[in-house]
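J.: Take these sequences, add in the hints, and give me the full structure.
2 protein chains.
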Amino acid sequence: MTAYAQRGHEELQKIKDRLEEEHAAIKARGLALNMARGKPSKAQLDLSMPLLSAVTSLEECAAANGTDCRNYGVVDGLPEAKKLMAVLLDDEPDNVIVLGNASLNAMYDAMARCWMFGTLDSAPWCELDSVKWICPSPGYDRHFAVTEEFGIQMIPVPMTAEGPDMDEVERIVASDVSVKGIWCVPKYANPTGATYSDKTVRRLAAMECAAEDFRIFWDNAYGVHHLFDEEAEQDRLLDIAAACREAGTPDRPFKFASTSKITFPGAGISAMASSPANLAEAKRRMSAQTIGHDKLNQLRHVRFLRDAEGIAAHMSKHAAILRPKFELVDAKLQEGLAEVGGCSWSTPRGGYFVSFDAPDGCAKRIVALAKEAGVTLTRAGATYPYGLDPRDSNIRIAPSLPPIEELEEALDAFVVCVKLAYAEKLLG
Amino acid sequence: MTAYAQRGHEELQKIKDRLEEEHAAIKARGLALNMARGKPSKAQLDLSMPLLSAVTSLEECAAANGTDCRNYGVVDGLPEAKKLMAVLLDDEPDNVIVLGNASLNAMYDAMARCWMFGTLDSAPWCELDSVKWICPSPGYDRHFAVTEEFGIQMIPVPMTAEGPDMDEVERIVASDVSVKGIWCVPKYANPTGATYSDKTVRRLAAMECAAEDFRIFWDNAYGVHHLFDEEAEQDRLLDIAAACREAGTPDRPFKFASTSKITFPGAGISAMASSPANLAEAKRRMSAQTIGHDKLNQLRHVRFLRDAEGIAAHMSKHAAILRPKFELVDAKLQEGLAEVGGCSWSTPRGGYFVSFDAPDGCAKRIVALAKEAGVTLTRAGATYPYGLDPRDSNIRIAPSLPPIEELEEALDAFVVCVKLAYAEKLLG
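In order, the protein sequence lines correspond to chains B and G. For the first sequence, this note's numbering begins at 1 and goes up steadily by one. For the second sequence, this note's numbering begins at 1 and goes up steadily by one.
None of these hints come from the bench; they were simulated from the model. Be aware that a few hints might be false.
As the list claims (entries may be wrong) - Okay, the calculated bits of chain B under chain G, using three or more residues with CB under 8 Å as the criterion: (1) 115-126; (2) 145-159; (3) 247-255.
Small disclaimer: the values here were computed from a predicted structure and weren't measured. Cβ coordinates follow ideal geometry from the N, Cα and C atoms, glycine included.
T.: Structural data, given as structure tokens:
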């Protein structure tokens with residue numbers, strides 16, 4: 001087969017006509033499929049049902065140190081919960097505080113504290129004329145929504161296979177004191193699936209920042225979310241905290257993780273790890289905000305997940321459900337688009353997304369066509385700050401939620417939409 | 001018996017000598033008793049154990065509308081949780097959003113939103129030269145800690161039996177545009193136990209405020225926390241939202257409540273009620289902060305507490321445990337201090353505290369003496385902004401946590417400490 005770009009006008013017109021018929025036929029089927037959000041499927045949620053019965057008796061309400069977890073207190077988390085979350089944060093329990101039901105909230109709150117009060121004696125960011133933020137793109141739309149909410153000016157920096165373009169990052173942070181931080185999803189990134197290389201991590205730790213209170217918001221959302229059990233098939237991530245300690249920038253990173261995509265999204269626990277100075281400040285400020293987070297839910301997670309081995313065993317069950325879906329995405333895209341040309345996509349070894357790059361100028365049209373065909377995709381542009389994909393190319397595919405038969409239908413429809421949009425584009 | 005103030009110097013010296021011996025004897029016993037925080041007792045916590053088994057099966061994870069509560073979403077709370085929390089907020093479910101595990105966090109976040117972004121198009125409070133807040137005193141120390149954290153200047157206003165001194169409140173809000181709000185615990189107030197009169201509520205709703213974005217933070221923490229089952233023995237509170245609608249100030253109140261002292265502190269659910277405009281703004285801003293709160297815990301509470309009747313029946317069991325403790329406090333204080341004179345205390349019909357007014361200049365000394373005797377009390381001054389009780393008189397007694405035998409010992413020790421401090425004071 002010849003790539004679309006090499007076809008003649010007439011031939012392409014015929015292809016387009018046929019695709020329009022196919023698209024109309026799909027529309028007529030009245031599908032209601034969703035590949036928009038990174039939600040676990042029902043089968044994945046079912047894996048964690050024992051969690052709900054893990055704390056029901058009086059004895060089960062007691063922490064290891066005897067604390068009655070039904071009552072007030074323990075603002076920074078139970079010791080055993082710190083130990084558990086340290087596994088996800090790749091850190092020591094002493095460097096961890098356990099927080100509420102979602103890491104997004106933890107990140108927003110950490111940002112809000114810097115905004116309102118500054119950090120480690122720096123000026124409150126709300127008092128500055130301008131605050132800017134580095135946003136590796138494509139990236140996570142909810143990160144961008146947080147910085148946008150604060151009126152922080154977002155600077156997109158291209159994502160590479162090794163993480164953000166570090167030449168660009170170093171250049172920006174070195175010269176501009178108003179650049180206060182960077183969003184990072186360092187492992188199985190949302191949406192590209194890339195894991196930061198050791199070199200990238202070390203450069204982030206060591207780079208010269210004009211702003212003394214520059215902060216790396218290290219959202220390790222997919223730290224244990226491998227698609228493969230064999231270690232050789234799993235990505236490895238260097239710990240940013242260790243790298244920063246080595247580089248003499250120990251207060252630079254705020255690390256975040258949660259059990260949202262391990263147990264139950266919205267009913268999990270989250271945690272933050274950072275330097276002793278940062279943690280002491282966070283605890284002091286948090287103690288005006290809360291008497292403590294949900295310790296019974298901390299206990300449920302400790303009892304159910306236990307430790308690093310327990311987490312790995314549990315994540316292997318998730319992988320068994322997710323892996324065929326990711327394989328299906330790649331197979332369907334290969335089958336439908338490889339010879340059409342102009343498209344590329346990621347084949348991640350973990351995480352929740354496939355990052356799809358359509359021919360330039362086609363992403364919005366593809367998402368619109370898919371919507372007409374009953375397939376909901378993440379909004380085109382969502383993976384860029386302000387929703388502005390300069391090439392109108394990137395689409396985040398989230399294959400986790402639909403059952404595999406539905407995913408297959410959705411991908412078939414998606415392929416038709418991509419081809420149709422591309423043909424339209426080439427025909428001008 | 002003659003009141004201490006009427007005694008001669010020599011006689012009082014003898015009394016003091018004897019009290020010092022009594023105090024030393026108590027010290028020697030090495031007690032470790034606590035009347036400091038408004039924590040439910042173990043017996044109260046035991047009442048809610050069925051909550052922990054209320055959501056364990058797959059069917060139980062579904063909301064009434066079919067939502068799988070194990071997955072992401074529903075930023076403002078399940079419909080049935082809104083209905084439940086509307087009972088505590090004395091409002092309609094449509095005016096309610098259900099939040100995280102604690103109303104303190106909800107209040108802090110509401111304050112932070114005003115601080116960072118303003119409210120309903122007002123200027124962000126962080127951009128103003130000065131922000132002030134009315135703090136009815138004695139009041140709740142954690143409220144004062146929130147306003148202090150933001151650097152908001154706190155203005156104490158005396159609490160009366162009908163709520164804050166409204167002449168004073170009206171005078172302050174009318175003339176000073178930097179006065180942005182007031183803390184209210186309107187029912188069974190912390191610590192005085194007073195419930196705002198209808199007249200107070202109507203004046204709060206109708207008063208002319210120089211600041212257009214003046215907000216009443218209405219912390220109805222003890223709305224259903226009666227000590228008596230008979231309606232005639234229960235305080236009634238006029239709804240501030242209804243009063244504000246009538247007065248043409250519908251956006252003035254933010255109402256808060258939680259299940260912290262109904263089920264499990266720290267593992268409960270909280271909620272906020274306000275006007276449609278305020279709720280729309282809060283939801284919009286919150287959607288940058290979170291994807292949703294813990295819906296499984298919302299379901300647990302709905303299943304366990306059910307409705308207004310279920311809540312009332314459950315609170316009656318709390319009352320049966322708490323009432324004898326409050327009766328003991330009053331009996332012990334009457335017995336030990338009535339004839340000594342100089343002291344007064346509240347006899348509330350609900351809530352968690354007895355507000356004790358020692359002779360002026362004695363509160364700090366009493367708390368210190370009690371500490372020596374092994375009885376932890378709330379820090380003297382804690383019930384005033386900045387910890388400054390101008391008369392050094394008020395002590396908050398929290399009788400809920402200790403078992404009744406321990407409470408009895410603690411009160412006996414407390415009475416000795418009060419008498420000793422008073423005798424010292426009179427002897428100069």
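J.: Does each hint fit the structure? Answer for all of them.
T.: Taking the hints in turn, this is what the structure says about them:
1. Beta-carbon proximity to chain G at under 8 Å applies to 4 residues in the stretch 115-126 of chain B; the threshold of 3 is reached and the given coverage holds.
2. Residues of the stretch 145-159 of chain B lying with their CB closer than 8 Å to a CB of chain G number 5, which satisfies the three-residue condition for coverage.
3. With a cut-off of 8 Å between beta carbons, the stretch 247-255 of chain B has 0 residues touching chain G; three or more are needed, and the interface restraint is violated.
When the structure is compared with the earlier hints, a violation turns up for hint 3 alone.
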